[in-house]
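*Asks:* Residue numbers (full-length UniProt numbering), protein chains in the order written: chain C, 1 to 163; chain Y, 1 to 163.
Check each hint, because a few of them may be wrong.
[What the hints assert, rightly or not] Dumping the calculated DSBU-like pairs for lysine-lysine here, alpha-carbon to alpha-carbon at most 30 Å: (1) LYS144(Y) with LYS69(C); (2) LYS18(C) with LYS69(Y); (3) LYS152(C) with LYS69(Y); (4) LYS18(C) with LYS148(Y); (5) LYS108(C) with LYS69(Y); (6) LYS18(Y) with LYS144(Y); (7) LYS69(Y) with LYS108(Y); (8) LYS148(Y) with LYS155(C).
[What the hints assert, rightly or not] Far from chain C, by Cβ distances over 12 Å, these chain Y residues were calculated: (9) ALA21; (10) ILE23; (11) GLY24; (12) ALA156.
Bear in mind the hints are in silico, worked out from the structure with no lab data behind them.
For each residue, glycine too, the CB sits at the ideal point set by N, CA and C.
Number of protein chains: 2
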Amino acid sequence: MFTDRQRFFMAAALDEAKQAAIIGEVPIGAVVVHHDQIIGRGHNLREHSEDATDHAEMIAIREANATLKSWRLVDCQIYVTIEPCPMCSGAILNSRLPELFYGAPDVKAGTVDSLYQLLNDDRFNHQVQVHQGLLADEAAQEMKTFFKAARKRRKAARQANKK
Amino acid sequence: MFTDRQRFFMAAALDEAKQAAIIGEVPIGAVVVHHDQIIGRGHNLREHSEDATDHAEMIAIREANATLKSWRLVDCQIYVTIEPCPMCSGAILNSRLPELFYGAPDVKAGTVDSLYQLLNDDRFNHQVQVHQGLLADEAAQEMKTFFKAARKRRKAARQANKK
Numbered sequence: 001m002f003t004d005r006q007r008f009f010m011a012a013a014l015d016e017a018k019q020a021a022i023i024g025e026v027p028i029g030a031v032v033v034h035h036d037q038i039i040g041r042g043h044n045l046r047e048h049s050e051d052a053t054d055h056a057e058m059i060a061i062r063e064a065n066a067t068l069k070s071w072r073l074v075d076c077q078i079y080v081t082i083e084p085c086p087m088c089s090g091a092i093l094n095s096r097l098p099e100l101f102y103g104a105p106d107v108k109a110g111t112v113d114s115l116y117q118l119l120n121d122d123r124f125n126h127q128v129q130v131h132q133g134l135l136a137d138e139a140a141q142e143m144k145t146f147f148k149a150a151r152k153r154r155k156a157a158r159q160a161n162k163k
Numbered sequence: 001m002f003t004d005r006q007r008f009f010m011a012a013a014l015d016e017a018k019q020a021a022i023i024g025e026v027p028i029g030a031v032v033v034h035h036d037q038i039i040g041r042g043h044n045l046r047e048h049s050e051d052a053t054d055h056a057e058m059i060a061i062r063e064a065n066a067t068l069k070s071w072r073l074v075d076c077q078i079y080v081t082i083e084p085c086p087m088c089s090g091a092i093l094n095s096r097l098p099e100l101f102y103g104a105p106d107v108k109a110g111t112v113d114s115l116y117q118l119l120n121d122d123r124f125n126h127q128v129q130v131h132q133g134l135l136a137d138e139a140a141q142e143m144k145t146f147f148k149a150a151r152k153r154r155k156a157a158r159q160a161n162k163k
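Build out the structure end to end from the sequences listed, making use of the hints.
*Replies:* In structure tokens form, the structure reads like this:
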């Protein structure tokens, strides 16, 4: 269903997600690819940067814009480990990215398939070809492990406060 | 319907829109207000920065995050001259902005009232109080004047090419 090349790029996005987990950020990663070359990459940085717009996709898109010296990401693909939120779906539309690969769905905030299908609404001036499920288990497992550890830390903190 | 104070802040957003028009960017402006003080302001910069995410709202939100040293814009309002697109609606949700004032609707890409109502979907973890219509005529007029001039320039360029 997916090529080795596509797996390679999603693995790079997954590495970004793991980098986020290491520093305690929600583990989502993204890369933007142009003619088989990674020209933008990012992982969530919101807690460190205190910037609400610092999602993985936004950072990768902005870096790709800077690399190409163009806000139009034609002939590019974006790979994201988790289904994009409204902001990131919007940035994908605004940068005219023609193609999105994402791993696992986000049933709470995903706006590509789960809650809305923003990338395939022909009322907007751009539509995106979407491929879902690439390294989905690995992407979902990163999130699961992260939130399980976070819950454990919170529980331990509560118990320490009681003592 | 609106207070003098609210008009004052929307006029500041409108000044940002006018600044955009002067440099040839689509004239949309935004300010973020915290306890009656403007802590973030922005206008479209996409053509100059070649950054697809450089919409007025995004720039204002990021500046407000930096000012407050927090990604959470609690106790803040955002004033925007034109109804926000999906990306900017998403950034308003992600920054937990409790209140939005916008001027004129964007029937082609607006996702607050026109095409979607993203800011009042209780499936997301945040909802926004929305006020529409503040200095709407002035905001719409800025856009109208801008696009009329742009069409005129394109027409003149086509005729010059024919000669």
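*Asks:* Could you run down the list of hints and mark each one as holding or not?
*Replies:* Hints, verified against the model:
Between LYS144(Y) and LYS69(C), the direct Cα distance comes to roughly 29 Å. Compliance with the 30 Å bound is thereby established for this hinted pair. Between LYS18(C) and LYS69(Y) the CA atoms are separated by roughly 25 Å; this keeps the pair inside 30 Å, and the hint holds. Simply put, LYS152(C) and LYS69(Y) have alpha-carbon atoms about 28 Å apart, close enough for the 30 Å limit, and the pair holds. About 49 Å separates the Cα atoms of LYS18(C) and LYS148(Y), which puts this hinted pair outside 30 Å; it is violated.
This hinted pair checks out: LYS108(C) and LYS69(Y) have alpha carbons roughly 27 Å apart, not beyond 30 Å. In summary, the hint linking LYS18(Y) to LYS144(Y) is supported, as the alpha carbons are separated by about 12 Å, within the 30 Å threshold. For the given pair, LYS69(Y) sits about 34 Å from LYS108(Y) by alpha-carbon distance, which is inconsistent with the 30 Å threshold. Between LYS148(Y) and LYS155(C) the CA atoms are separated by roughly 60 Å; this puts the pair beyond 30 Å, and the hint is violated.
No Cβ of chain C comes within 12 Å of the Cβ of ALA21(Y); the nearest lies about 19 Å off, and the non-interface call holds. Distance check for ILE23(Y) against chain C: the nearest CB is about 15 Å away, which clears 12 Å, and the non-interface claim stands. The Cβ of GLY24(Y) sits about 14 Å from the closest Cβ of chain C, beyond the 12 Å cut-off, so the non-interface label holds. With a minimum CB-CB distance of about 25 Å to chain C, ALA156(Y) clears the 12 Å threshold, and the non-interface call stands.
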